[in-house]
Each structure stands twice: as structure tokens, then as C-alpha cells.
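Letter by letter, the chains look like this.
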Amino acid sequence: MDQLINLAYLVAAILFILGLKGLGSPRSAVRGNLTGAVGMFIAIVATLSAKGLNFGWIIAGMVVGGGIGAYMARTVKMTAMPEMVGLLNGFGGGASLLVALAQFTITPASEQTAAWLVALSLSALIGSVTLTGSMVAWAKLQGYADKAMRLPNQNLLRVALGLGVVVLAGLFVWQGWGLLLLLLVVVALALGILLVLAIGGADMPVVIALLNSYSGLAAAATGFVLMNNGLIISGSLVGASGIILSQIMCKAMNRSLGAVLFGGAMVSEEQMASIPGTE
Amino acid sequence: MEALIGALTIFVLAVFVGYEVITKVPPTLHTPLMSGSNAISGITIIGAILCCIGSGMDGILANVLGFLAVVLAMVNIVGGFMVTDRMLHMFKKKKD
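Going down the list, the protein sequences come from chains G and E.
Mapping of the first sequence onto my numbering: residues 1 to 279, in sequence order.
Mapping of the second sequence onto my numbering: residues 1 to 96, in sequence order.
Keep in mind that the hints were calculated from the coordinates and are not lab data.
Quick caveat: nothing in here was measured; it's all calculated off a predicted structure.
Among the clues, some could well be false.
[As the list claims (entries may be wrong)] In silico DSSO-like pairs for lysine-lysine, Cα to Cα no more than 27 Å straight-line: (1) Lys21(G) - Lys92(E); (2) Lys251(G) - Lys21(G); (3) Lys21(G) - Lys24(E); (4) Lys92(E) - Lys77(G); (5) Lys251(G) - Lys92(E); (6) Lys251(G) - Lys24(E).
[Said to hold, decoys possible] Covered by chain E, per the in silico footprint, the following chain G stretches (three or more residues, Cβ under 8 Å): (7) 65-78; (8) 173-181; (9) 190-201.
Glycine included, C-beta positions come from ideal geometry on N, C-alpha and C.
Between the sequences and the hints, there should be enough to build the whole structure, so can you do that?
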């Protein structure tokens, strides 16, 4: 049975690749999107055939989530598309974070190897950053905070949070304590806010493309936690293609990716004023 | 260890495929492509489903977290694919 499930994941991965390829050109874009959706359907059905699942929770979650998703997709205004994508992306990251936490509670300590703990912390960490980063991006595009916001000592704070994440992840891998995992999540959530807060509203589409890539990487990390090929392949596909897409989008806007990401952090006030979209 | 190496191999190769699959994309398709690949990142639903295991009070926390993860991933998937489709159809209408 497991072999059949893995085979289905391979089919899904092929459909995702064809779907992404199709989305890249105007003639095949609609078909490409459908191809991706079929791939997702196959992956979900295959997973549902695994042994020992609690279908009550799963079906309830699918109905609720599917309903909310469909409602949002139908009612959103066309002009609000980028923030909608940002919001959805944040949910994807949040899901990876929750999966990491859930897996920690059900995996016996004897099976928590160092490699497993590394994958788990990566999944929780990237998932958290994606979740809050996407929420900030959404809020900015909604106009709640469209300017590049700068906190006092922002760079210092970023570095401190970044170091905090690394130290906490290291300690967690070493000791395997649940409390350290929770602390790691809290710090990573704050880091996600801070990373996006300093970036101007005009650069948000690029940021969302990048966060999209993060949510793919979070899914790939979850794949290492579960040793699940379907997650690893699809997650890394999205992770890699998302980075390329953000580069392409930067080029189209005549900006460099570095300038977008660190624009709010590394550039002086005078330079900031000359960057389009930040004033 | 063997399984880990195998998984790493798959990961690295898939990264290369993801890197190569996106080539010249016209600017009008940037947002739909982003939104479509965003829907694919909802694949984490596989992990969410696999958290909902066991029966009764056994591992209830994992089940609740798994349920919430299924909800979030499902919003991402259904919302993502539907919104991409809507966007693409709008482009088509403009052309006609």
C-alpha cells in the first residue's frame, strides 16, 4: 500500500511540474492551473488511503477549510488579488507550523533523532516566519501600513531575533524539550513580522512571491519530518520556482532582490527616499 | 541514515527541477503563476492529514492541531486554485 501511495505522489509531482510549466505561458495557463489542481487531488486521495487515520477530524477540516477557501476566492475583488495570495500563503505556512507541533507531540522520544529534530525545527521556523510575514504583507497591501515602517534599533532587533532563532533551534536539537520548540516558534513569529515590516508596499508582490517560496520550503521540511516523498518533492518544487519567480518579478520592476529584502534595513534615509514606492 | 540520504537526493533534484521549470514568463502572468504555485504549496495538507491518527483520547492534541492544519491548508489549496482560475479567465475576456 505504501508503495502505491508513493507512486501516486510521483504522479502528483509530475502534474505539479507540468502545471507550473503551463502557468508560464498565456496559451496553456488555464490548463496548467487545472493540471496542478488534479495533482493535488491525487495526492490528497492517496494520503487518505493511509492506515489508522481519524477521518472525523480530517473530513471536518476539509469541509471547513474548503468552504472558507471557496468563499474567499469567489468574493475577493480582482484588484485585491496580491493580498489574497499573501493571505492564503500565510495559511499554508501556518499549516506547516501546526504539523510540526503535532508531530512533536505524537513521536516517541526514542524516535526523535538529531536529523528529525533539525527537520522539525526548520518546519516550525520557516512556517512561523511565513505565517506572520504574509500577514504583515497582507496588512500592508490592504493599506493598514503601506509605508516602510522602521522601528527604533530595527537592525539590531533583527539580528538579535535571527541569532535567537539559531540558538533556540540548536538547543532544541540538542535537548529535545518541547518548551524550547515553543520559544523557537514565538521568536520566529516575531522575526517574520520584523522582516516584512520594513519593506515598502510597492515591493510587496515580490515579498509575497518569496514568502510563497518559503511556504514551499516549510512543506519540504515537513516532508523530512514525516519522511514523505510527496511533501519533499512538491515542497522543494515550489520553494525553488518561487525564488526564481521573485527574481523575475524584481527584474521586471528594475529592482534587485537584495534591494527589496534589505532595502528597509540596510539603506540610509536619503537613499530610501530615492527608492520608488518607499516614500 | 539510508532513508535520509535518499530523501536528500530527492530534495536536491526537485530543487533543480523547480529552478528550471520557470523560464521566461510574461509580466501579466506573474501574479497567476505566484498564486498557482502558492496553491501547490498547500501540499502540506499531506502532513496535516497524517497528524490525525489514533482513536479516542489517544493523541487528542495531535488530532486537534492536525484538524486546524487541515483547515488552513485546505483554505490555501481551494482558495489558491480557484482564485488563479478566476484571474486567468479575466485575462481571456479582456483579449476577446
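### Query
Can you name, in rising order, the numbers of the hints this structure does not satisfy?
Hints 8 and 9 are the ones this structure does not satisfy, whereas the remaining hints hold.
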